[in-house]
Each structure stands twice: as structure tokens, then as C-alpha cells.
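Here is what each chain is made of, one letter per residue.
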Amino acid sequence: MKRQLNLVQTGRPPLQKILCLFLLFFIIHSISAQTTVTGKVSGTTQAQPIVGASVLVKGTKIGTTTNAEGMFTIGVPSGRKTLVISSVGYESMEVDITNSSNVSVQLKETTGGLTEVVVTGYTAQRKKDITGSVSVVNVADMKQTPVGTGEEALQGRASGVTVISSAQPGGASDIRIRGITSFAGNNAPLVIVDGVRSNLHDINANDIESVQVLKDAAAAIYGVAGSNGVIIITTKKGRSGRAKVSYDAYVGTTTRGKGYDMANTQEEANAIWLQQKNSGIAIPSHLQFGTGANPVIPDFITPAGVVGAGPDPATYDINTNQITRANKIGTDWYKEITRNALVQSHNLSVSSGSDKSSYFFSVNYLNQEGILKYQYLKRYSIRANTQFVIKDKIRVGENAYIFYKQNPRFGNQSEGSPFTTAYREDAIIPVYDIMGNFAGTKSLGLGNARNPFADIYRTKDNRNHNWNISGNLYAEVDFLRHFTARTSFGGIMDNNYSFNFNYVGYENAEGNTGSNSFGENAGYNNSWTFTNTLTYSNAFGQHNVRILVGTEAVKSNGRFVGATRSNYFSEDPNFWVIEAGTGTQANSGNAYQSALWSQMGKLEYGYAGKYLVNASLRRDGFSGFAEDQRWGYFPGVSAAWRISEEAFLKSVSFITDLKLRYSWAKLGSTGAVLSDNPYDLYSSRLGKSAYDLQGNSTGPLVGFYKSHIGNESTTWEEDIITNAGFDVVLFNNKLDVTLDWYKKKVSGLLFEQGGIATAPPIRGDAGLPLVNIGDIQNTGIDFNATYHGIIAKDFKIDITGIFTSYKNKIVDLPGLAYRDGDVVRNNRLQRHVEGRAFGEFFGYRVIGIFQDDADIAKSPTQQGDEEPGLFKYQDMNNDGKIDADDRTFIGNPNPDFTYGLNIAASYKNFDFSAFFFGSVGNDIFNNTLYFTDFPDFFKGGIRREAAINSWTPTNTNTKIPKLRTTGGFSTDNSGYANSYFISKGSYLRNKQMQIGYTLPSKLLSQYGIDRSRVYIQAANLFTITKYEGLDPELPTQPDSNGNIFRTHQFGIDQGSYPHTPSFLVGLNINF
Amino acid sequence: MKKTKYKFFIISSIVIVAVIIACGKKFLDKPPLGTLNPDILATEKGVQGLLIGAYSMVDGEGAAGDGFASGASNWIFGGVTSDDAYKGSDPTDVAEAAPMEQWVSLTPTNSALPQKWIACYAGAQRSNDVLRTLAIATGISTDLATDITAQARFLRAFYHFELKKIFNKIIYADETVDATNINVTNSADTWPRIEEDLSFAVANLPDSWPGEPGRANVWAAKALLAKVYMFQKKYSTAYPILQDIIANGKTAGGTKYALMPHQYSNFNPAQKNSAESVFAAQTSVQDGSSVDWGGDPNGNYGDILNFPYTGGPGACCGFYNPSQDLANAYKTDAAGLPLLDTWYTGLNVSAQASIPAAGAPYTGTLDPRIDLTMGRPGIPYLDWGLHPGEAWIRNPVNDGVLSPKKNVYAASQKDAYTDVGSAYWGPTELVANNVNIIRFADVILWAAECAAEANDLPKAMEYVNMIRSRAADPTGWVYKNSDYSAPTATYNTQTTPAGNYKIGLYTSFPSQEYAIKAIRFERRLELAMEGQRFFDLVRWGIAAPTINAYIAREKVLRPLKANANFTAGKNEYMPIPQGEIDNMNSDGTIRLEQNPGY
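Residue numbers (our numbering), protein chains in the order written: chain X, 1 to 1071; chain Y, 1 to 598.
Keep in mind the hints are simulated off the structure, nothing from the lab. Do not take every clue at face value.
Unchecked claim - Once the Cα atoms are required to be at most 25 Å apart in a straight line, the calculated BS3-like pairs of lysine-lysine come out as:
hint: 1; chain 1: X; residue 1: Lys555; chain 2: Y; residue 2: Lys26
hint: 2; chain 1: X; residue 1: Lys984; chain 2: X; residue 2: Lys807
hint: 3; chain 1: X; residue 1: Lys258; chain 2: X; residue 2: Lys984
hint: 4; chain 1: X; residue 1: Lys277; chain 2: X; residue 2: Lys61
hint: 5; chain 1: Y; residue 1: Lys30; chain 2: X; residue 2: Lys555
hint: 6; chain 1: X; residue 1: Lys277; chain 2: Y; residue 2: Lys555
hint: 7; chain 1: X; residue 1: Lys984; chain 2: X; residue 2: Lys858
hint: 8; chain 1: X; residue 1: Lys58; chain 2: X; residue 2: Lys108
hint: 9; chain 1: X; residue 1: Lys393; chain 2: X; residue 2: Lys58
hint: 10; chain 1: X; residue 1: Lys258; chain 2: X; residue 2: Lys959
hint: 11; chain 1: X; residue 1: Lys666; chain 2: X; residue 2: Lys127
hint: 12; chain 1: Y; residue 1: Lys570; chain 2: X; residue 2: Lys881
Just chain X, with the same shape it has in the complex (with noise of 0.2 Å):
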């Protein structure tokens, strides 16, 4: 950009001058003969004032707010002889001044907010205008629920939004909007707040004044970031008249849950015989229980199986003779990492405004406990947003938002994290030995999983730092009477610093001589969003017009930096400095930078209210394709009648609104691309191009390899999406339905490069490109409705459901027969083909177990495997053998359809709300079942139903497949999943319920409280499922950071972070 203000400088005036122009013309234009008008805004009860209604001069920009007690001021240039005034929950008015300058208005409740004005990209318009699909977010209901990040509190809020929230405070949640659109990574959808390209994650709730969801055409206008769905948050700006502080706060207590129900360590032992058995072993034997016909229970397990008295104590030593006695009765691991958790956030805000100025202003303190003992999310964050309005054409202002918060957190999702190790670690370890340390798997032949609470206790000094600012500066200048000009400058500055000691686990059986280490990292991401847009909007005879150009720049950097030492002579963590450590040293960094720069241009048009029309087109320029195949343009168009304005619905009385809308648009992703994608590039990098030539052990010699192969040919993934629906308002305003059908069909999708020319043969090592093949497309219906119900006299209730469906197909895969996801420990799970949708199970399906002989014999080989007690597999062929040709597709984790219904009433000075969400037609591979019910895998814990119920001659009505000591085809070990792991992943989920009672104001008026509501709440109350995994709500394996990353390994269970019941108390009070 700094080439743009030189070539201003040298060759054409100056750009401020010309500003000042203009600027000079505008106050000059506006000085003119104007009267006041005051008046009064209330609502259907002279007694009810409405607070920070809007009042416009019509036809002019000139405008004002109400205060406290409803009353306003403006002056009124002369000529105008009509206000709008307008507030959010009524319908907007006209008001004639022609013999007035002292009006009293009553505002008529619009429960469909029909006049609501809803942000839809650069513009605003009014619900009852819009022409897209666009979802609008109940921000009050959606605050009821207490959760510290934003994509959780967006969970069945919003049609067409699909959430899959981690329970872990401050973990990442999987978010699509109308399904999934992309192989290679990025699925979530682009996040605009106050105009600023930024994310949802750790926006303090309580600050949103509105959340819009595009999900169609009306993303078009951002282009090649539109393709997987925006939300547009605005936040709260002051209102006119005296200064309002809210205090709202909650604290309660989330439950640890109910845990895994493990065998006790006499079942285990129990299982342990019957697995030797029913491989043939006569006399079983195991280090700890002993050589015989039944085990035998040690009282200590280190040394291994000794039964008695145990060794003297004085003979310990920590690294080679460590005394364990035996847990006889059984350790329950869950139980042992979590707690009950502490969860309290407390918000302050204060506002005011007057015609001039506004300002908001909050400061929030959210402490989230997790379940899992050290684990916790803690922000403090800050706003600021004011604006000021300058001779009444000009409004400048920023929005700032300022957090810094400590979220350590675990792996989730993955066979070494404590959800997991949790139930591979044997119940007969005790979590410490004689001399108070860590007990574990080092005592022999109980496995290899680490102490789980050891593993969380020991990073209880670990601490991670990140200060975020975020926000934009702006102005507006109204000119030429229909002319707005808008300039944004904004942004996120991230900033992240962690340090973590790695202690030696001296009592597990793997890693236990290695020597301690210590890392200490630093990095930031910046990004700036400039955006310039000049709006024309006019008003005349039955048209209505508005035109908006712009340009948007945004830019994205970032770098990293990590160093370790090992060797610490000291644990404590006063001593902890990279300095200090006397091993090996080593660092890590990289960099990276892109650019997007985009012209758009935007239509509405509206004729009588009734027909109307948006059209818009966007170019956009992303630096990470090759020069020729960066620009890219994304049409979007959307039309809408509102039939019920015509004259013959006129007279159908129950029809108080009908819209039709059909919409049809062009939209992109530039998936994950980087920006070495279009580029053949060497690296040079420790672990895989250095070589010790000189044969010293430790200085080994650096050299380069070819790290990437670039693609110049790839460009973004297009989406084209079309959409059909209406929006209907019913029996005078007491329901209102949303209904979309829509079609997205996304073409050259961005993959990992494929075919021929990647065979290592052909490529050796180096990295791939993304590379534009294949099509994916989802078709679906969001819908939403919402009953504003009088039941009586002071009792009010409103319902609103959402519907949420997507079906996803893969259309193409151009040169590829499938394309199978990865593998999980041993086994494949997931192919994709084309015709069936993304993340597809495959694998072989489980028709029963052989129960005799004479079974197997009249059944199809399955490669030698074959026993009773073993899974007996359907022959999907017919050829008489079970064999790879014979898997099939197992289960799909894409549900059917996702609901929320949000159930709210109220009876005199008591509320009453209740939300539900809800997944339909999901499947789940629980792969937990692949370490607690197959001994033979690894050692350690046995799920309880596996220990006592398993396959035997005598016990043959169950699934659970006989135990062995050596798995095989037949259970755990083709290779590839099969459906003895996959299980119905539908569920209820009661998100939140709460009772509420305000206090009497005549009580508080007192002293000086406009409004007090204490309330009690209970969140995740209940779910209702037939999973029998901990949780059904499942989000995908989060990468080192905790970011979402392995797009197609969803509704897989690996031991996820459960959501389990939390009780609230929380207070409102206004002054």
C-alpha cells in the first residue's frame, strides 16, 4: 500500500487535500435553516418507554436515539416533514411533523421482525428486503447458554449451521455451514466482525449485538472466502441517553461425569485366564497374577506379582526398584483425573450515548474449569467501541476488543491423551507407589499406557500466554445527498507464549530413562482487513436503490519461534529457563505471509416493496496461486416477491408476510492453500536432509532436499450454490417459518496431488501441491420456525426449532477409484468413492459369531481365521471366502439432520427457557472398543462387559467376540474397520435449561437498579442416546495447537473430552 500514497504524492494532489475538499463542501452543504422536534417513543403502554429507538429524518441521514425515559431531540432540516422511527422487536413508523415539533409515537411489537435491520456484507438492509438466505441469530437466547467460545454458543442456533463442539474449555469445534465442502482441510466458514476479517473463538458473548449467517447468494459478495458459509457479528454500540451498566455474572460448577465402567481388578484378571484359555494355553500365566489355574491377586506389583509382604521398604529406589503395592480393588482412572469443575464469568458493560457520540464499553473475567483436573480456560477481556457523529454527515469510530488468556490444554482425540490413557491404564496400578511417586506400567505386563494422572499433574506448571487485540477504525462521510463513503481499517494482532517442562515418566513402561527437557515458544499471527466502499442508495417513487463499489485488501503474516533443552538438573519450576538446561539444544521457526485484494460491486433493488432483486459481483486476487490463475470472479444474484403484498393475499387474514426468494451464486475457497503451492522448492531441514559424514555422533553435516513440488495451474474451489425458499409469517405475527431448500455443488476441489506424476518413482519425497480435482456437492433444507404464544394473562411462551440438513455426495473423483482417509492405530476406516458422501466407513460387516463348528463350516472362509467365538463376516460377493473384496461401507458419520429447539416462556416476574440440540442418523467407529474389549491388542484396561461377558461355549448370546491372546481377521486386526466398532450416533441433548425471577422494580428503584434477574441453570442436563461411548458429540482429532484438522475424521471416537451436566447460579442487574 505504501506504493499507492507515493504515486498520490508525486503525481496528483495530495490525497488529504482532497478529502479536506470534500469535507469542506459537506459542512458547508449541511449548514442550513432546520426546526427541532422532540417527542416520546413507546411501546404498546404509554408506561413502557422504548429505550434507544432510532429516529431518522426521512429522506436524510440525520438521525438520533431515545433515551432512558424515551424521549428524543432532533432538528429537522426544513423542507422534511416526516420521521422513521424504528427500534429492534417493533415495527418501524412514520411519523408526519408537518403540524407537530412535540410527537408521541406508539410502536406496534413486531415478534417477526420483519423492519429488523440485518448486516448482509458491506450492507444493511431490512429483514423483510433481504433476498438471500440468510440466518439470523436470537443473540439473547444464544447467550443463555454458558460456554467460552463462540462456535459452542452458535451450536443449533442458526439453520443451516452445523456445530460439533469440544468440551474441553477453549477447544476447537467443528463448524460447516450446509455440509461439508472441502477434502484438503478448511471447512469453516468465514467470520467478519464489525467489518474486520476475524474468528468466533474468543469473542466474550456477551458483547454481540447481532449474528448473521449467509449462507447463499449473500455470501457471493465475499468471493473466494464465501464458499463455506459467513457470520457477521456486529457488536454492541452505545445508545443515546444516560449512562446503562449491566453487571451479569454466573458461577456453578461443572460435574466430572460418570466415567468409563472399567473391569475391577478381579474381572481383569478374571479375563486375563479366560483370553490364555481361549488360545490354548492350559495353565495361564501372567507376571502379576501368577502360574495356575486361576489368578491370583498380588499385593504387590512391583516387584512384579509378589504376594505377602512386600520387599523392605529402605531397598526402594525410584529409577530401579520402585515398590508398588497392588490396588486390589481396582484403580477407576476417570475418576482420578477429573473433578467437579469450577466455572464463573462475570461481565460488566457500560454504555451511553446522544447524538454526538456513544460509547460501549465492557470488561469480562470468564473462569472455566475443565473437568479434567488442571486444565482450565481463564479470559480477561476488554472492549471499547464508540463512534462520534461530526456535524452530522461524518460518523468516525473504532470497535476494540482486548483479551489475554491461560488455556492450557490436553490432546484430545488420540490414543496418548488422558481421556484415553484413562481407560488403557490397568485398574490394579494404584496412582502411586509406597513412597508417595507415580505408580504405572513399568510394573510388568500390564502394558503400555501412560499414568494419566501423572501425565496431567506433571504439566501443572506449564503455562501458555495469549494476547489478542482485534478490532477496526472507521469513518463514514455522507455526501451528494445519496453518497456514503465508508473506509475500515482493522485487524487481529495475535500473540502466543507457551513454556512446558517435560518430566521423565519413571514409572511407565516406555520412556522412563530418558532425561527431562524444558521448551519455550513464541510466535504471532497478524492480519489487517482495509476495505473502501462508496454506497449509493435512493428512495423514489416505488423504487428503491442502493449501490455499493469497494476494494478490500487483507493481508496475513505470521512467525514462530520454539527452542528445548534437555537435561535439567533441577524440577523446580523456578529454574525453568532455556539457559539453564545442559543437554541437547534445539530450535524451530517458520514464517508465512498471503494476500487477498478484491474489487466488488453490490445491487439492491426494490420495487413497491414487493419485487425485489440483488445482484453482485466480486473480483478477488489471492497471492497463493500462480500469477495467471489468481483472479477469480464470483457472481451472485437472488430475487424475492413478496406475495402477500399483492393484492389478492391482501385479503387471506392469516398470512401476515410471505416472501418467496430464489438465489443462485458463484462462490470460492482457497481450501488450505499455501503459499509455496505453486512452487518446486528445496528445504533443508535436521531430521530429514542432515547426515553425519564425519562419523562424530553429534554434528551431523546439513544439507538440502526438494521439499515441495509446485503447481501453477491450481486456483480456487467453486461453489456453485443455488437456493429457493420463503419466509412466511403467520396469524398476526405468532409464527413465522423460514423454509430453504438449496444445492451446493462445489467443483475442482483442492486435494493433495494425485495420480501418476506423485508415485515416489516419479517424485521421490518431496511435498505435494494442492491441486484442483473433483466434485463434491450437498443438498439440503434448513429450516426454522418460531410460535410466540399468549397462553394467558401474563403467560408468554415462545418456541423456536431449527432444522439443519445437508446430504453430501461426492460427484467426481477424476483418475482415482477412491480415496481412503487415514490409518487409525492399526486399521483403515474410511473410504471415499464417488456417489457416497465424505467420511464414510468401510470395512467388513460383522453378520453375528461363529458359535460351532458346524457354523463355520457352512460359512465362507475368512483367511484361515476361523473359530467359534470370532466375528463372522457377510460375504458381500458370495464366493464362498471373506477377502478385501468383500468390505463394504459400514456406516456414515453425517447425520441426517441436526435440530435445536429453544423453548422459552415467562409468567409475571418468572422466565422460564430451555434449549435442545439434537443429531439425527449419525453413525460412530467407537474405537475406543479397539483397546477396552481386545486384550490381545494392547495390554491394560478391560471394558467391564467385555471382562464378564464375552464369547464363551456357555455364554453365547453377545456380540463381544471371544478373547484371545493373539488377535487376528477375525476381530481386531484385518487391517480395516469393520462394524463391530460403528454404532448409532443419534442424540438429545438438553444444552441448557434455566429458571428465572426479576425482581420487582418498585423494590430496586430505590437504589438506583432498573432491572435485577437471578436465575438457577443446569447446561448438558441430560442426552439421550443409544451410544455407549461417553459422548456421542464427537469433534474431530485437534492438532498439536488444538485446531480442527483432520477434516474427514469425524464422528470417530478415540476418547474425546466428555460434556457432562453443569449447575449454575447467575445474576443480571441493570442501573
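Position chain Y against the provided structure of chain X, taking the given hints into account.
Just chain Y, lined up with the frame of chain X:
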């Protein structure tokens, strides 16, 4: 007034639009950070750096998709496949290696296969990158260019040879093969291409590389060429080369080739790149690579699992346990000679108490190399104390009671030759212990084979006895009640040998058949657990009978082997990875054909 206003508006609009368009192109110029483009490397330093990158794949690790199965030691493809060793650990841990001892479950989708395939072709293409960049580089002298070319072609031949012996039907990827030239198949015979590269290397490589013992010199090239001939049974072509190496060869460091006085010196990180080291994968630790996630540590990552479980060095992961059959092979007769036909009869060496079928333990005499090759219960495991038996075994039912020993290190060498730190899950199993690819003993035994094939039996016996003489030297044996001296790989107090050792020299090879049997047996004993055995069995044409006999003997002890069966004419080579076949043939042109039987 009004006119002026519009003029300003129009002019400023034009300016803004002009600026906007001019600004876009530059603004979007955001090259990747932290990488190099090909032109920057077209210098001497750049090409030398690429050559180091090509060498760095010799250890089998460092390419995306590599793993335990791609390690230089070939413990899975050459060891577990043979009668030397079990996979180890629990049967479903690294389950992809179980089919290498079961055979019936070995399919083209096995995930161990692509690891080796990818790592070797990565090495080959990195070698090609050296040649391609050299072609466009400036400022490199002709002599230097020849040195570089010869090393790159040696490495390319090495990588293809690894592929050849495992997969047989392979593609030869030279520097012309890239995305613009995919016209390759695995139907052509690749031996001549390998020989051609090695012949160039023999003709152009220097005698030594002072200070850089890890590079390939002319003698390494000759040895590899001889090995290539041995695999083609071209004994008479190999023999003179081998004789030349034995008479004149020296290491890249400039030391004349010789057998080290103590066999275990070849597995001692303190004595690496010794006079016996012809070509080895170099390893390094504490160089920062172990925390370089996504890369691969430069310590011997391929063998990181191959340590006793829970105790001793590393504490993880209990893989690659020597087989009962291998232990029995070290039995000797009254003359100290191996039981060439009857080693497996009678009692089991270190018979496993918890398995009744294993019977009582053998108490007769043993070749002392048994305790240099494997950890046995009650025998000192270097300076880690006595091997405790099952306590160091992950899954005794399938893994027996023996532990690998040739890739481990002494307690006194911890930290000096191991990685330190806990960022990596197995830092102390990352060892700066070179992986022998060709050692001088190997060369001598090939020469013995060639002599026997030429029916020069006294010479053949002389070669074999060279190896046995060293093994018979009691200073290299394992002793009880003694401290292990890591710098020399010997025990300080040599009073009580750890086992009932007896080893003698051959006094005659009565027939060519006997000679060949004795040489083959000697190779097994000397090179056990070094990833050679299976390839030897295949090149001798005796894989199926040997392995099936072994399975028949072992299945009574090991449940994992219950259904095992080796199919002759099929299992001699691994299947070509199915994913590679699908990919290479995806446009309908058959470039990769599967090996017979799969």
C-alpha cells in the same frame, strides 16, 4: 460550486481506481518463506548440500511415509521374514509386521510395504536431484563434478538395490524420470542399470575421503557391485572383485580393511567406521533432530523399537526378538563346530520356563557369538546387568525370552551416544549406532561362497576360518562377574565365560556341498540379526523349505505362527504396494505389474 464538486469527485475516483489496479499485483506477490528455489542451489555448495540430502536417506528415514519398516537394518524385511527373529511386542502392535512371519496374511495393502518403497525412491530421486542440479550449476570443476556424480550414482544404485532385493520387479528411476517423463515400467530387468551406475562409481570414486568416513569410496562401490553380482549368482564375476577388496581395500577413512579383533566392535557406537566397516548408515544424536517433529530423528530410528521392554537400554519397545531357532543354531559339537543339520533337535537353548512345550534348557556347548547376538536370560547384557528373561519381554508367549543386542548400547554410553530429552517418546532408543550395510566379514564370506562355487574348497575354508578365528578369540567373549568396557567392547575380568562356549575351526570341507552348507551356516551365525538372512535364503533358492521347516518347529511354541505358511514362488519377494500399483496404472497404462502370486 456544483461543477467543481463533480470534477473533484471524478478525478479522485480515477486516481483511486488507477492506484487500486497498480497496487494489486505487487501486493499479491507473497513468496513462501523459509525455503529455497532451485536456481539458488545451482552452485558448488548447493549441489554438495543436495548430495548430503541424498546420503541422508541411507538410514532409510527422513522421507514422508517412512517408518520402522524402512530402516536401513531391514529388520522387518530381512529379519522377521527369516528364521532369525520374531516381530516381537504384542501381536497387533505394529501389526503390519506380523504378516512377515505369518506369510498367509501378507497382502499388497500391507502398510509396511510402502514405507520401504517410498524411502528408497526418495533416496533415488534425491540422488537424481544432485545430477539435475549439477547439470545447470556453474563454477564446479570437472573433477569435482565427477566426484559428485560418482557418489550420486553410487547412492542411486544402492537405493535401487534395496528395492530390488525386497520387491524384485522395480522401476529404475534415473535423472530423466520426473513428472514430465512418466514413461517407466517394472517389466524391464533392472540389474544392468544398477551395475552400470556402480561401474561408473567404481571407475570414478576416490580411494578414500579423509575426515568423512560416511561417504562412499571406490571400495564401497566395488563391494556393493560384488554384492549385486552375488545376488545374480555371478560368482565368477564377483570373485576377483572380492579378492581385490580383501587384498587392497580400505575404508573411506583410509584404514585398510580388516576384521576387528572383537566382533561386537561392529555394533559399538564408540567404534563405528572401523576397519571392518565397508559401508554403513551413519547416525547421529543430540543434533536437534529428535524434536523436529515431522522430520525423522537422525539416531537409528529404524531400530527404535528393537530394545528390551521396560528394562535395560531404552525401556521400549520389545520388538525383534531373536527366535528360539536362532539360539539353537549356536549349539556346537565336541569340536566346537556348528550342528549343520541337527541344531534344532534336542533341547532348546535358554528354553522358556513359562512355555511347557519349550522343555528343559539345553546345557551343551555354544558358539560364543550367541551372546554377542542376543540377550539371553542370566547372561550379562553389556553393562545393564543380567538379562532377566520374561521381565524384558512384552509378550512372552509370542516373543520368547531373547532380546536383540546388535543395535543397543552400553549403560555407560547413555547420553554420549543416545539422544537425551523427553520431547520424543523414545529418546534413549535413538542411538548413534551405525547400521552396517556391508562389513568386511560379509565380504570375506562372499569370497568363501565364490571359492566354494569355484570348487576351491581349501580357500573357502580359509575364508570361513578367518571369521571363526575371530569368534574363537576369548578376549571378545561375554564374561560373568565382570565389568563391560564400552570403548573396546570387551569385558574387563575374563575369568568366567558367561556361557558354556566352545568354538573350533573347520579342519576340512569334505565336499563342495558340505562347504556351501558350512558357509551358509557361518553367514547365519556371523550376520544374524543384521537384516541379511532372508535375502540370503532367497538368493540361495532355499527360502521356502527353510522357512516352512522353521514354522513347523516354532508353531508349537508361538500362537502367532499357528497358521503361518510360506508359499514358494510367491513369498520370496514382497508384493508391490497396492496403492502404488493403483496410482501408477491409474491412466490405464500398465507401468507396475504385481509380483507373481499376490
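Structure versus earlier hints, numbers of those that do not hold, lowest first: Checked against the structure, the hints that fail are numbers 4, 7, while the rest are satisfied.
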